[in-house]
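Generate coordinates for the entire structure from the input sequences, incorporating the hints supplied.
Its first residue numbered 134, the sequence shown is counted upward by one per residue in my numbering.
Hint data in this document are derived by calculation from the structure and do not stem from the laboratory.
Some hints here could point you the wrong way.
[What the hints assert, rightly or not] Dumping the calculated DMTMM-like pairs for lysine to aspartate or glutamate here, alpha-carbon to alpha-carbon at most 25 Å:
id: 1; residue 1: K356; residue 2: D327
id: 2; residue 1: K364; residue 2: E261
id: 3; residue 1: K379; residue 2: E270
id: 4; residue 1: K377; residue 2: D353
id: 5; residue 1: K267; residue 2: E177
id: 6; residue 1: K377; residue 2: E366
id: 7; residue 1: K364; residue 2: D167
id: 8; residue 1: K333; residue 2: D321
id: 9; residue 1: K377; residue 2: E261
id: 10; residue 1: K239; residue 2: E304
id: 11; residue 1: K293; residue 2: E270
id: 12; residue 1: K333; residue 2: D174
id: 13; residue 1: K239; residue 2: D328
id: 14; residue 1: K239; residue 2: D343
id: 15; residue 1: K377; residue 2: D174
id: 16; residue 1: K379; residue 2: E276
id: 17; residue 1: K267; residue 2: D167
id: 18; residue 1: K203; residue 2: D174
id: 19; residue 1: K203; residue 2: E177
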Amino acid sequence: MAATVPLLDFSDDFAAYAPAEIEARFIHKEIFVDHCYDIADFPESPFFIDAGANIGMFSMYMKKRFPNAKILAFEPAPSNYTILRRNLAFHSLSGVETHKCALGAKEATEALTFFHLMPGNSTFVPEEKEEMLKILEGQFTPEFIQSLYNSREQIDVPVKRLSDFLPASHEMGNIDLLKIDVEAREIDVMRGLDDEHWAKVQNVAVEVFDVNGALDPVIDFLKSKNFADVKAEIALEGQDDPNKPKVYQVRCHRT
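Below, the structure written as structure tokens:
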């Protein structure tokens, strides 16, 4: 599949391989233009964890800003992972360690619903995407919105615990940013990080689709890990309709 994926120009000085142009341009704007992950003064040689790497926009952006950064990136969808690796090679980026798996509270194999027309929205909880698509109402035709949801398949992928990829806490420095964008089950990703490693986390950014009460447990979990400054901000423009679900970015900092 990766051989047929187009190379898109996102700006005068940045291009990347992307299978779904509308989605990719939206993610590029979030990260490169709106700077949604510029949430702290990071050191010159930071360590980032990218849970839900998709095609690599976060890693490419952070390596552009911090050439000496070390990044641990996870992406379970096989085609997304192939494009992630291709983008890293295209930009000759080193210092990014990638793993083709999902992250969770325990090791397992689970069925990932992969959306061909919106691969960055692939999820273990496809029923939530029906609610998510309500956000697009009024922006696209009903037929197009439904096609996004219908073009899909299930793929069995490995699920592993984040702490299993990290050394003992006394052998490592800080985790300068834990970025989680996994399209549901954010709590499970966080439960896969042991307390000794949570103590190393300085900043967290988690995207949460607040359906079925998903937001409050994420906030409470982060507070339980001694983050005093936990804030949830609406992550998408045009979410003024009280009848539509909302997407938040939850941010917190170690004080």
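Hint check results:
1. Restraint check for K356 and D327: satisfied, since their Cα atoms lie roughly 15 Å apart, inside the 25 Å limit.
2. A hinted pair counts as satisfied when its Cα atoms are at most 25 Å apart, and K364 with E261 qualifies at roughly 23 Å.
3. A threshold of 25 Å between alpha carbons decides the hint, and for K379 with E270 the separation of about 13 Å falls inside it, so the pair holds.
4. Under the criterion of a C-alpha separation no larger than 25 Å, the hint pairing K377 with D353 is consistent with the structure, at around 23 Å.
5. For the hint pairing K267 with E177, the CA-to-CA distance comes to about 41 Å; that exceeds 25 Å, so the pair is violated.
6. Between the alpha carbons of K377 and E366 the distance comes to roughly 16 Å, so the proposed pair stays at or under 25 Å and holds.
7. Restraint check: the Cα-Cα separation between K364 and D167 comes to about 18 Å, which is no more than 25 Å; the hinted pair holds.
8. The suggested pairing of K333 with D321 holds, with an alpha-carbon distance near 19 Å, which does not exceed 25 Å.
9. Simply put, K377 and E261 have alpha-carbon atoms about 13 Å apart, close enough for the 25 Å limit, and the pair holds.
10. A threshold of 25 Å between alpha carbons decides the hint, and for K239 with E304 the separation of about 23 Å falls inside it, so the pair holds.
11. Of the supplied pair hints, the one linking K293 and E270 is violated, its CA atoms being roughly 35 Å apart against a limit of 25 Å.
12. For the hint pairing K333 with D174, the CA-to-CA distance comes to about 16 Å; that is within 25 Å, so the pair holds.
13. Between K239 and D328 the alpha-carbon distance is near 15 Å, which keeps this suggested pair within the 25 Å criterion.
14. Restraint check for K239 and D343: the C-alpha separation of about 23 Å stays at or below 25 Å, so the hint holds.
15. A hinted pair counts as satisfied when its Cα atoms are at most 25 Å apart, and K377 with D174 does not qualify at roughly 34 Å.
16. Between K379 and E276 the alpha-carbon distance is near 22 Å, which keeps this suggested pair within the 25 Å criterion.
17. For the proposed pair K267 and D167, the alpha carbon gap of about 23 Å is at most 25 Å, so the pair holds.
18. Annotation: proposed proximity of K203 to D174 holds, straight-line Cα distance about 16 Å (limit 25 Å).
19. With a C-alpha separation of about 11 Å, the suggested pair K203 and E177 falls inside the 25 Å cut-off, and the hint holds.
When each numbered hint is compared with the structure, violations occur for hints 5, 11, 15.
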